[in-house]
Structure formats: C-alpha cells, structure tokens
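Student: Residue numbers (my numbering), protein chains in the order written: chain A, 1 to 291; chain V, 1 to 183.
Treat the hints with care, as some may be off.
Straight line, CA to CA, 30 Å or less: simulated BS3-like cross-link-like pairs of lysine-lysine [said to hold, decoys possible]:
#1 V:Lys158 to V:Lys169
#2 V:Lys35 to A:Lys60
#3 V:Lys138 to V:Lys166
#4 V:Lys158 to V:Lys91
#5 V:Lys35 to V:Lys46
#6 A:Lys60 to V:Lys113
#7 A:Lys288 to A:Lys213
#8 A:Lys60 to V:Lys46
#9 A:Lys127 to V:Lys95
#10 V:Lys113 to V:Lys166
#11 A:Lys130 to A:Lys28
#12 A:Lys60 to V:Lys88
#13 A:Lys288 to V:Lys91
#14 V:Lys151 to A:Lys39
#15 A:Lys28 to V:Lys166
#16 V:Lys151 to V:Lys169
#17 A:Lys39 to V:Lys166
Calculated directly from the structure, the hints in this document are not laboratory data.
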Amino acid sequence: MKKLIPSIFLSLACCQLVNAQETESLLKGIEDSIPPNEKVTGAFKSTRVINAHSLEMLGKGHLDFRILHRFGRVNQGIKQFFGLDAATMRMSFDYGITDNVMVGIGRSTLRKEYDAFIKARILQQSKGSKSVPLSLLIAAGSTVWTEESFEPVKPDFNDRSAYYVQLIAGRKFSQRLSFQLSPLFLHRNMVETPEEEKSIFVLGGGARYKVSKRIAITADYHHALDGVPDDNTDPLSIGVDIETGGHVFQLHFSNTSGMNERAYITQTNEKFFNGDIRFGFNLSRIFKIRK
Amino acid sequence: MKRIFFSVAVILAANHCFAQARYFSKDAAVSFYSKALFENIEAHNKTAICVVDMTGGKIEFSVPIKGFQFENSLMQEHFNENYLESDKYPKAAFKGTIPSVGNVNLSKDGVYKVPMSGTLIMHGVSNPVTTEAVFTVKEGVASASAEFIIKPEDYNIKIPALVRDKVAKSVRVVVEIPLLKKI
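Excised from the complex, chain V in its bound form (with noise of 0.2 Å):
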C-alpha cells in the first residue's frame, strides 16, 4: 500500500515537472500586405488557431486558407484557385520554437520581445523563417503578435507574366493575437 502511494506521489511530481504552461488562441488574426507598383493587395483571415508551450518554448500555428477574405472577390477566388491552390493545400501551418521564453512573464504585465524560429508550411512546401514574437501583459490579459516577410516564389506560388507588376515580390504577413486562454 505505502509502495503503491509513494509511486503515485513520484508519478505526480514527475507530472507536475513537465505539466506545461500552455495557451492557446482560437481566432488568432492573420492578415498579409502586398505592395506592388500597380496595386495594393491585403487579406485578413480570423480563423486561425494558435498553440504557444510557454515553459518548452514551443509554438505552433494553423491558418485555413480559404479563411482570408478579400475586399475584391475575384481576387478572394484567384488566391484559391490559382495561386494557394486551397483545395490541394487547405492549410498553412507554422511550426516554432522560442529560445528565450523564460524571459516571458504572462502574469506580469509588460512587452516582451522574444526571437522566434521554425518552419512555415504554406502550398505544400517548408521553409525555415526566424523573426521576433511580441508578448504583451495588460492588465493580466496576454496577447502577442508577430510579423512574416515571405516571398512567393520560396513556396512555389508562381506569379505569371502579365499580373508581375501588381503582386510584390515579398509580402508582409501579420499575425496578431488578441487574447492568449490557458488550456
């Protein structure tokens, strides 16, 4: 019986050390910014999902692409249908690790400038990016943001010929979370 209690107790500690901090956000805003000579493009999409592992330093993000409205819906429907191909590829995913979470303190209010790494999964293929996460504390609510410059031809997004001068050749991606929940 004492053996039994004592392994429970042991189990529960080593529970305890890798129980984590994690939160999460269900309608992270994603939204991307092409500036090019003949023409301005932007699309926000609200339905992104956001995991951050604030003791591992992990993050992780989901992004559906048919998520992303358009002022123009003949763009809306250009962006699916030929150039993220959304029915072949319905998701972007960003797969990161923070390094110097430790630095972060979510039940302190403050803003927390954090580099991040990882993978960006977008239209099938995989690249390494590296930018800064921003971690804000107000008022005990926690949000964060963090800003992307993708090129499309790194994610073999072809732009043909004759659209060249009104897709910019990077594009600013934004994503900002307005309020990170505890799991």
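Here chain A stands alone, though its shape is the one from the complex (with noise of 0.2 Å):
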C-alpha cells in the first residue's frame, strides 16, 4: 500500500500534465511546424499614385478603364469657377495579362498626344519565410503627339515621340502607410527650346495613407535632375483616394495638367505653393473581362 501510494500520486500528477496540455490548442506544435508565407497587398488602391506608377498590378484579365480630369487653375477664381470652367482629359484602357504584366493605352486631349506602357512586377513584397522586404516594378512606355503644327518644318511622327523607363520600387509600411520611390528616364526625338535636353532623368517618389478601410491620402511629385527649361516646376499632387467596390475615385489638387509622363515631367510650369492649383480628378472602373 505504502509503496501504491506514491506511483499513484505521480501517475495523477502525469494525468495533470496530459490535462493541462489538453486546455491548450489541439493545434499546438502543427501549426507551428508550417512556415507561414504571404505575399503583401494593397500598397496603394489603384495602379496609379495618382500621375505616377503605382506598386500595384491589374490582376490577370482585368480591365481598367480610366477617365481622368484636370480642371483649370483654382486661383482663376470665380470668373472662371475656380478653374472648374476648363478642362483637359485622358480616357484609357489598361489590362492585366498575367497578374505580373499589364499594359494600357491612352489619349489625352493636352496636344491631343496618344500614349502607350507596359508594366511588370519583378519583385514582390512579402512576409514569411520566404520574406521580401519590398516590391520592385519596371514600366516602359513611350507617347506621341498628334496636334497640328505650325512650325516651318513640320514635325514628323518620329519627332513628336518620346519614350520613358521607370523604376518603381516601394513598400507597404504598415496597413496604412505606404511609400515608393520611382526614378525615371525620359527621352524625347525633339525639343522646343536649346536649352533643353533630349534625354533626362528624373527622381519620383510616391506615399499614401490610409485614413480608414476605403478612404486614403496620397501624393506623388516628380524632380526632373536637368535639361528642362528653368520656368519648368516639379509637378506636385496631393489627394483623396475613396474605394467604392470596382471603382476607385482619386480627387486631388496639383500643379500640372499633364497626365502621362512626358506631359506631366515637361510641361509643367505652375508653381503649386504660390496658388497655381489645379483640382482633377482620376476615376478607375475595373472589369473581370477573362477568367
């Protein structure tokens, strides 16, 4: 009896510990020994900062149809209805061929220039074991102005293109915030003055923040390094981004009326802090058009 008594105080002390385990989660040690991985989404709401690249993709078989709207100079005042009197537009079309490729083609009324781009995802940010500390894109395109000239020697379709490489690379911080730097490589066939250069570099950078699950603050700006003209400014926008299921609504304020690169980086000459604000407004609808 004497020696029962101590075998079965351990063995209860034994069943103790079973129970005590039993309390815990049955999932305990299994779901630990699988490596979580997960891609990071939803940098940004849109394909577009608002002018800029975005670090998001089209996924494959989407349609983005894009109209986008930039209105006179606010400061105009109410003769003009603070700018709301004119406007320029570009209509486009993007599509995702694979959720790491798309491109898109636009027309902007802006010297009625026609413009084209293909994008890619080289990189994507990801948390896990297979962890990526950013994404890293590239987007190629390249425009052509259609406008008549009244030039001595007309232009031809070669003069009035230009191409552009970027680089897009960035990462979502945290839920809210999240912030890419975008460099930029432009070359026009013809400029308009001596003092500009055909082919010139260009730092961009983009943020936004998001204020609550479908309604974010972004801005994007873009320094052009030389070969501008001087009475050139840095194009500056900041805005509203509101998500409503398929659409995307970007309401913002900036200094250019340019929405492709070559407009936005070259012809842009308002300065946004003395008062030469524009209002526009970017309006995404996607469609799943191919499963």
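Dock chain to chain to rebuild the complex, using the hints, since each chain is given by itself in its own frame.
Tutor: So, in structure tokens, the structure goes:
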C-alpha cells in the first residue's frame, strides 16, 4: 500500500500534465510546423498613385477603364468658377495580361497625345519564410502627340514621339502607410528650346496614408535632374482615394495638367505653393473580362 | 527497484488511458459560397489545418484568411482589405466538441454523421455554432466534412449599402478534409 501511494500520486500528476496540455490548443505544434508565407498586397488602391505608376498591378484578366480630368487653376477665381470651366482629360484602358504583367493605352486632349505602356512586377513584398522587404516594378512607355504643328518644318511621327522607362521600388510599411521611389528616364526625339535636353533623368516619389478602410490620402512628386527649361516646376499632386467596390475615385489638387509621363514632367510650369493649383480627378472602373 | 518499476508501470498505464487517437490534416479545404441577387461569389482555401481528437471528441480548425483564392483578384483584395481585415485578423478558427464521437469508428468503412458544436472565431468575433460533422471511411481511408451557415453581420463584417445586393446575407461555408492522418 505504501508503495502504491507515490505511484498513484505520480501517475495522477502525469494525468494532470496531459490534461493541462489538453486545455491548450490541439493545433499546437502542428500549426507552428507550417512556415507562414504570404504576399503583401494592397499597398495602393490603384495602379497609379495619382499621376505616377504605383506598386499595384491589375489582376489577370482585369480591364481598368480610367477617365482622368484636370481642370483650370483654382486661383482664377469665381469668373472661371475656380478653374472648373476648363478641363483637359485623358481616357485609358489598362489590362492585366498576368498578375505580374499589364499593358495600357491612353489618349490625352492636351496636345492630342497618345500613350502606351507595359508594366511588370519583378519582386513582390512578402513576409514569412521567404521574406521580401520591398516590391520592385518596371514600367516602359511611349507617347506621341498629334496636334497640328505650325512650325515651318513640320515634325514627323518620330519627332513627335517620346519614350520613358521607370523603376518603381516601394514598401507597404504598415496597414496604413506605403511609400515608393520611382526614378525615371525620359527621352524626347525633339525638344522645343535649345536649353532643353532630349534625355532627362527624373526622381519620383509617391506615398499613401490610409485613413479608413476605403479612404486614403495620397501624394506624388517628380523632380527632373537637368535638361528642362528654367521656368519648369516639379509636378506635385496631393489627393484622396475613395474606393467603392469596383470603382476608385482619386480626387486631387495638382500643379500640372499633364496626365502622361512626358506631359507632367516637361510641361509643368505652375508653382504649387503660389496657389497655381488645379483640381482634378481620376476615375477607375475595373471589369473582370477574362478568367 | 521493485517500487520504481511498479510506478513506471502505473504511469505507463495511466498515460495509456489518456493517450488519444488524434488525427490531423494540413490541407483541409475551406470554401465559401455567397449567392446574392446580382452576384455569386465563391472562394477556396486549401491551407487550413484541422486536428480531431477521436477519444475526447474535440476538434479544432485554423484557417489563414489570406489563403482564400478568388477567381476575381479585385474581390480577393477587397475581401482581405475591407471585409475580413486579414492584416489585423489573419486567422479564423473553430474550436468544437463532438459529444457522440464514440459512434464513429475510423477503422471501419462507413459514413458517420454526428452533431458538432463549438465556437467560431473570425474577424475578432466569437460566436457559438452548431452543425453536423460527416466522417467517411472508405477502404480504410478516413475523410471528413462539415457545413456552416454564417452571417457576415454576426462577425462585425459590414457590407456597405452600395454592394448590399452583391453579397449574401448568409454565406455557406464548406469544410472538406480529404485525408485524416493519425498523429
């Protein structure tokens, strides 16, 4: 009997131990053995921050119909209804060929300019066992303006064209904050003044801060390093993204009316902080057209 | 010496009593179906983990929210960003009991339907749920399935008025475990 007591005590203790484990999760051990690995998505609401390409891509088989408007300067006052009497626009269709490659075509009323681009994702930010700290994308495009020229020597198709390549590197730092840097190289086949250069390097940046699930504050900015006329200014846009299901409304104030890379980099000469601000909006409607 | 031997024997015996027939699956499939006026939405997730304790009649699931794959990637993004908020609540879980687990014999072919009840934790909200678990043994291979009807509003998932006719009031969730392996 004496011998039995400690044995029983011990086995009871053992049972207790087993029971203690019981109240913990059954999944313990198994759940931890699977390395979590997930892609970080939703750094921006749309494939454009405002003017610039963002870290986002269209999903495979998705068509994004975008209508962009840039109104006149707000500081023109009530006579021009704070700029709303005049507008330039760009219409575009973007399409996701795969989840990592998309193409787009557009046309702006400013200079009657066509543009086309291809954009690809090289790296996608992810966390877990295969952690990638940032996303890296590349966009390349071309523009050609078709407005009638009154120059003595008419520019041909080649003279009217420009090309750009842009790298977009960025990170979604938290649920709310995303930031990207987007250096760009632009080449125009013809320039208007001798002080301009055909090839220019541009630094770009963009950010968004989510204030609620469906509303975010965004900004994008570009600075040409050299080769643009002295009266050129850096395009700066500050806006609000509002997402409602398949639509994204990007409302913003900006000092540029250009809506493609050539236009907003080389055709901006208004000073944001002097009040030369224009109201504008981008409307994006996404359709799933292929499986 | 004799005493130690005896103790060890008792411990082993005790442990044996409490040793459990535990089964698990690392690739349980969880699908959901939302049928609404204007849109049918479905998504599939094959990354859920499930453990069933066939002696104690306990069952647990863990479902990574980001594992849900939609045909429409925009929907998938909205599901994660706006509805389930998967950055904040990365997993859904179910902890339940099967009181009549004794009626299920996983070593004998047959179909066993047993009531199951427990707590479903999703989007930071816990709710009691009751359903039926179906264990199927065919040629010695055990599989299991269950179905839940979930109301998004019960889990504090708000559907904006604009898309109210696109998301069902009640969503059908189907869990299928193709192969229950013994631990």
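Student: Indicate, hint by hint, whether the structure satisfies it.
Tutor: We went through each hint and held it up to the structure:
no.	hint	result
1	V:Lys158 to V:Lys169	holds, 11 Å
2	V:Lys35 to A:Lys60	holds, 24 Å
3	V:Lys138 to V:Lys166	violated, 39 Å
4	V:Lys158 to V:Lys91	holds, 18 Å
5	V:Lys35 to V:Lys46	holds, 21 Å
6	A:Lys60 to V:Lys113	violated, 41 Å
7	A:Lys288 to A:Lys213	holds, 22 Å
8	A:Lys60 to V:Lys46	holds, 21 Å
9	A:Lys127 to V:Lys95	holds, 27 Å
10	V:Lys113 to V:Lys166	violated, 34 Å
11	A:Lys130 to A:Lys28	holds, 23 Å
12	A:Lys60 to V:Lys88	holds, 27 Å
13	A:Lys288 to V:Lys91	holds, 28 Å
14	V:Lys151 to A:Lys39	holds, 28 Å
15	A:Lys28 to V:Lys166	violated, 38 Å
16	V:Lys151 to V:Lys169	holds, 6 Å
17	A:Lys39 to V:Lys166	holds, 27 Å
When the structure is compared with the earlier hints, violations turn up for hints 3, 6, 10 and 15 and for no others.
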